[in-house]
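Peer 1: Okay, here's what each chain looks like letter by letter:
Protein chains: 2
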Amino acid sequence: MAEVDRSVSQTVKAQLALRDQILSGSLRPGERISELQAVETTGASRTPVRMALVRLEEEGLLEAIPSGGFMVKAFSERDISDSIELRGTLEGLAARFAAERGVSARELEPLRECHLAIDDLLRQVPISIEAFSAYVTLNARFHALLTELSRSPPLIRQIDRASALPFASPSGFVMAQSALPEAQQILIIGQEHHRIVIDAIENREGARAEAVMREHARLAVRNLRLALRNRTHLDLLPALALIKTATD
Amino acid sequence: MAEVDRSVSQTVKAQLALRDQILSGSLRPGERISELQAVETTGASRTPVRMALVRLEEEGLLEAIPSGGFMVKAFSERDISDSIELRGTLEGLAARFAAERGVSARELEPLRECHLAIDDLLRQVPISIEAFSAYVTLNARFHALLTELSRSPPLIRQIDRASALPFASPSGFVMAQSALPEAQQILIIGQEHHRIVIDAIENREGARAEAVMREHARLAVRNLRLALRNRTHLDLLPALALIKTATD
DNA sequence: CCTCCGGCTATTGTATACATAACGCATACA
DNA sequence: TGTATGCGTTATGTATACAATAGCCGGAGG
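Chains A and B are the protein sequences, given in the same order. Those letters in the first sequence? Residues 91 to 338, by the working numbering. Those letters in the second sequence? Residues 91 to 338, by the working numbering.
No wet-lab data here; the hints were simulated from the structure.
Since the list gives no way to pick out one identical chain from another, each pair is judged satisfied if it fits inside one copy or across any two copies.
Derived pair list, reagent style SDA-like, types lysine to any residue, alpha-carbon separation capped at 25 Å:
hint	residue 1	residue 2
1	LYS163	PRO243
2	LYS163	GLU238
3	LYS103	GLU147
4	LYS103	GLY150
5	LYS163	ARG312
6	LYS163	ARG247
7	LYS163	ARG241
Keep in mind that this is a model prediction, so the values were computed, not measured.
Produce the complete structure using the sequences and hints provided.
Peer 2: Here's what the structure looks like:
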């Protein structure tokens, strides 16, 4: 190991590299992950690799094998839809907290801007792949901002964890390709949800804010089902990545 | 290190030992945790200790210091009450899942038995400290059984995480001592919630099952407030342990 | 031909040595 | 006297060596 990149810690480097391998599908669900192999592919030594493995296990991407070591966790379709509903429930609570605890107009501004930016994108019919890509990013931002407004560190932390499976991977486009026409309709409904939740928070209607976010999640579940039904060439393996998209 | 206990892994041993130290208050919130010191108190070497530290960080008991190392996380009263509400929301979802997906009478039996056992304990007026201790255990069992009935691995996992702060420590009794008379009344109301949720699951009334668990959590928050108001000698530091009790 | 036992290999769990970066203190200079 | 700089100590980050165990393969016996 002549040259080592010292700009980031070896642990973080290993964690990112392994996560990429998992989410990109290089490592298949159920496959045992070898420390030695991970050492080779990540360039870090065994200690940081082990730390990364522990973190990824806690993150939910890996599963400890009783006899030792880790394997890539496998998820069923129901696991995924449950995760979406779970996240929606948590975000509903966040919206309620935000509404009940009060949010100043100034604090609400970034959320509103984000909402308007999404509006612009959705005005395209049909939406282009590029716009859809931008949408995915903006939508993630919208949800993150909303979560922040709850001002509840424990809740924010938990939502982050619940988003850990979904979070990464730009490969959400697969869904867009498989179900574009209906997908846009769903996006538009989702955007309407976004509008309602902003309104509810502004007017301090906690129950309404919560309810709409939960409905939003149910829509996302329907979205996922649609995407899975329409897949032809699409493997279920990168379905992990789908959560991110479907949750939107 | 002449003699080492090989019955459990060093990592697990270190994790348990450190968790004990944190929850018992040996290590104060905000205090930096030294690896070397941890090595001495746990008897494990640095590698397992580090693994344990990472796990405890993911668990939420520790916080990473940017310049390196870990410190014991500090929690505000609101953090704690939010955690209770969070857990209640998750358990509400679990109850809904159980009700909607259907649970056979046979599967419901353990829950019912647990409920009846608690009934027996609460029949004592005033409740003894010993009975209260038994109650805490049984109640934890009730909530665990209920969670299981959701049959949703992602949700169960998340609830476990949300319970990570609370779980340990038998020191919930402090609350009982500080507010016994009112506490028992609250326990009885909580038991009524338990009854209703069993009934709702049996009759597949998802919305009702969810609602009652959330009400249960709100009761727990009131319970916590009561305990904190009544504390005289009680330090807020082991308040972490209180969550466990208050969530019940 | 199948099964069981024993040793071998590969992989993980643990310990420790080394490198490096942060913190504190003391000293010197403004 | 206050501040800044440099050195020393200490703690963490990383790498690697060692130990133990689990899984596998081959051979021998029924």
